[in-house]
Amino acid sequence: MGNFDRNKGYVAILGWSLNAIDAIDRFDRRYVIVAPSWAEEYANKHDIPFISWNFERLNERSMEIAKRLKDEGVDVAIPLFEETVEWAGAINAVLLDNPRLMGQSLLFRDKALMKRRAQLGGIRVGIFEEAQDKGDVIRFLTRVNQALLKLDGDPNDPIHLKAFDKAGCLGHRVVRTAEDVDNIPDEEFPFLMESHLDGWEFAVEAFIKNGKIHFMNISEYVTLGYSVFVPATPDLEKWRPRVEEEIQKLIDTFEIDFGFIHPEYFVTSDGKMYFGEVAYRPPGFNAFELIERAYGFNAYQAMVMMFDPKTTDEEIEAFFPKEVVDAKGHAGCFGVYPRRRVVNELKIPDATENHAYFEFHELQSPMQNKVPKRSAFGTHWGLVYFFGDDPYQLRDLLKAQEELDYYL
Amino acid sequence: MESRQLIDKLEYAIEQLEQARPFNKVRFRSAVLDVGGRLAGEPGGVDALYQLAARCDRAGIFADTPWDQPATLLPGLVRNTLEQGDRQTVLIELLSQLRLLAVSNGVYTHAGIPAEQARHFLAQVMALNLDHLLAGPGEAMRARLGRTSTAVSGVFRYLLENIGFADILGSLVHEVRRIMSQRPLQVDSVKSMITQIALARSRGEGGNGAAAADADRLVSNLFGPTATCADDPGVQLYLERVVRLSAGELESEASAFARAMHENGLVSDYHAVFLRWLALADVDLPIARESLQALALGLSSTGLDALRTFHDLVGRLIEGAVHIGTAQSVYGLALILESGMLYSAPVAPALWRQIDLRLSPVCAEIQSTVFGTQVTPATRLLAGTIQVLGQPLGIGQGNNPTCQAARAISMWASNDPDYLLHLISRAAHFDEIVLHFEGEPISSAGAAGAMIPLDTDPVSVLLVPHLDLIYRLMGELCAGRGDDPHRWINPELHGWWVGRECFLAVDIQTGGLRDYDAFLHRFYCSYHPFYNGNQPIIHPQPAGLAVTDSTGIFVGWHAITLIRVALDGDNVMRLYFFNPNNDSGQDWGAGVKVSTHGNGERHGEASLPFAELASRLYLFHDDTEALVPTTAPDAAELQEVKQMALSSWAAGRDATAQAPTVAGSSAQG
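Chain order of the listed sequences is V and C.
For the first sequence, counting from 1, position 216 maps to 216 in this note's numbering; every step adds exactly one.
For the second sequence, counting from 1, position 373 maps to 373 in this note's numbering; every step adds exactly one.
Hints are all accurate, no fakes.
Pairs of lysine to aspartate or glutamate, EDC-like flavour, derived with a Cα cap of 20 Å: (1) V:Lys8 to V:Asp71; (2) V:Lys347 to C:Glu42; (3) V:Lys238 to V:Asp326; (4) V:Lys347 to C:Asp86; (5) V:Lys328 to C:Glu11; (6) V:Lys328 to C:Asp8; (7) V:Lys45 to C:Asp64; (8) V:Lys328 to C:Glu15; (9) V:Lys45 to C:Asp68; (10) V:Lys347 to C:Glu83.
With beta-carbon atoms standing in for the labels, derived distance ranges: (11) V:Glu40 to C:Ala651: 28 to 38 Å; (12) C:Lys593 to V:Asn54: 50 to 60 Å; (13) V:Asn98 to C:Glu11: 40 to 50 Å; (14) V:Phe164 to C:Thr551: 51 to 61 Å; (15) C:Lys593 to V:Glu40: 40 to 50 Å; (16) V:Asn44 to C:Asp216: 53 to 63 Å; (17) C:Ala450 to V:Asp110: 49 to 59 Å; (18) C:Glu11 to V:Lys212: 32 to 42 Å; (19) V:Glu72 to C:Gly482: 39 to 49 Å.
Just so you know, the hints here were simulated from the structure itself, not pulled from any lab data.
Backbone N, C-alpha and C fix where the C-beta goes; we use that ideal spot for every residue, glycine too.
One chain only, chain V, in its complex shape (with noise of 0.2 Å):
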């Protein structure tokens, strides 16, 4: 472990990540990773502070935890991931003697929940319910298609469905007819439905401190689920003013006094703004390390730095550079699926190959040849790394890649 800063706060980090562990490492700030058992062996290995501890569900023994963490002298707990969400707020709420945090986090943890306190908090969100068998579906999707006085025959507007408790694009489901409907599996059941929002969709990465946002970056999504990229073009930033009242209205309404969150937004094409869901944790599709490319900080670091309650105004002030302005260029990634439904090989399209924006790529080559049937949104098979200057551009070219086979 490097040298830490003894005037500053000593954090937990909830979760196995060896971005963040190397990220956190190299700060200047006392660490120690809580994961499971079964990470130990390698944490010994390479000298990485570690406290063993199986995430399940809360339960009686959240307390030892908590305990533990507070007599080892820690000051906050950092979640990583979705699971581990709800373990830091019942953690925080020992360490920083704020029972509040408890309740909190259980917001972020339930989707069907979080909406409602948004809508409470008078954040407009689309319509919702929740759904414990095919029944309820059936009943939403007929009631939000009649509600937009589709007549029969017409083509549906679809719904989303998502699990309550599972981050970002897992267990994601867009359903459109009866027949998908009856592709579910039993075992998804129960989940939240959504109406299909006709918009923009983007994400936010907002740093808080003391309630006041600190650095938001908006992550301009070309088409959810394959590619994304940040900073987002001026027509999308001409929105900031925007988006930053809307996410002091949801640090007011979660009651948001430090941290990092991660929420989704629809700009519809009437300039409304509907929330979609937030997160309190690191985002997916390695949106820090995009973050990291065009601004140069270590969103990891960044995350850190807000929990730690013993983190200075002053050093918040120095480390952030100034949003949009100072980015040295956008950076973008791209999602691969095959196209096909037997591959061979991997072949990076020359087209790709020969732009000045592609910077490299994590495919691997095919393991297997028939490639498995996509149900809800799976998982991509490795990201693809541009950076450019021009947003339009790189806009364009990420849009591009979907018409082009990496696996041949």
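Dock chain C against chain V, hints included.
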């Protein structure tokens, strides 16, 4: 894409890698390699990559890969990497070579690999891959690697421009001669080096200097050593020519083959064809068949006598073993005859047994899997047996941690050949050998097929899995005895002649030195002729070394054989030993450089001044009672030896400070 843009991208990727903690280096490796590989394909890109190669190395691009220890890289594996490796592995290889070029040019240093060694390595790599250099990547590589194959040829061209074929030609030839002076059994990589030289020379590369002439001689020795085959006519045409030769022409044909073979120990395929024809062709020769055979084998009067005495056996050995593809067995056969080994009563009948030996399906399968099907498995094994018996010191362990087994085979081949033939026949026919440990039979059943060393000779491929298993089983039987198991294993595994006393410099429990002064004192009294009553080493003796790298840092325990002690041409007392490592010419740091020729070594022997070897020794055997009075060794010299040990492998192992990291670990590799 502009190179400048790629360089910017690469520098960002390297920065990320530099910052990363060791456990997360691998996360950033692919970015560096990916961008670096594309850069290498751009005009001027290889040079840019060369400029960054040292930085990549320092940043940890090779962390947790074999390339992190460049001193242990084998030039012979590079070709395989380029031909079989995936894109990332190929790119790591290329980057490693550029990094070694920086080392060789003196602009970068990497622990464990001095500039000279880096240059050796690159020279060998280039020699083995001259086709990439001169002809560009083959179709197969292009198909597999896409544009990375451009990077491959780009890097090789760059190496050539910066080292230069004419420049390396001298060191290539030197390299071939240096390796061949040790007379290894494995000559494939040397042969392909010479093949590549031949191809380059035929394209007019390399100029006309002394190195060029020397290179041409190597080439002609291998591909056309005689007047009749100087134009490399192919076997058919050659045989047509041979039958028309006069007596005098046949004699010079035979002697030319022998001269070429004994010069470097490499055998031309024409030589094998000629010898086979001599032994088997049903024609009337204008001169006595035997004397032509003796000439073709380059025999002295001893060898000639053996040939006459065992004429039928030799004829059957040639018939069974000498083919195109096993030409090296000609050299082994010549050395068997020269050694007089056949006069030892059981050897000839044991060879007769092997000629008719039926291989088990498992054994046959393994031989053809490892060596291909150009000749039958039985032929392969017979040829390999002849080679091992002829060149006991030519055995190499390959890239396997099996120095014990390799050493044992070598020892038996020179000291107990009929026993080795016994083991070969049992293992080849029954897939099992049985050795005894303190009266207990230890079986190797089940070992065949497990962990086959792919890069060794046919006999090692057959026996090493058996011997390695038995070595480990014996080790298990010694567990808990509280001392280095080699004390008991060595005499039981190798034979009765191993000294029954075992002397150890190291306490196995703590890894610390133990009675080191007494240890050195006894070693001198046992082996140094000035102090042991001028007694020679009678049987080869197993010994254990603490091997160090060129900076003197401890690398591991290693098994060697002490062969003889003698004064060299400069009146320095030297210990001549066998190292089962493939290339014995090693630098063990602090001036301890193992010599393989030029200091009185016989082919295959390594040597060091007595004191220098003593300074790396940690285990030896001797018998309890000396037969003749010994004298006390020179105390000053012992002190000096001790200091050499303490400043290298034994650092931190003296009584006060112990090195727990090595305690208890005594497996020799």
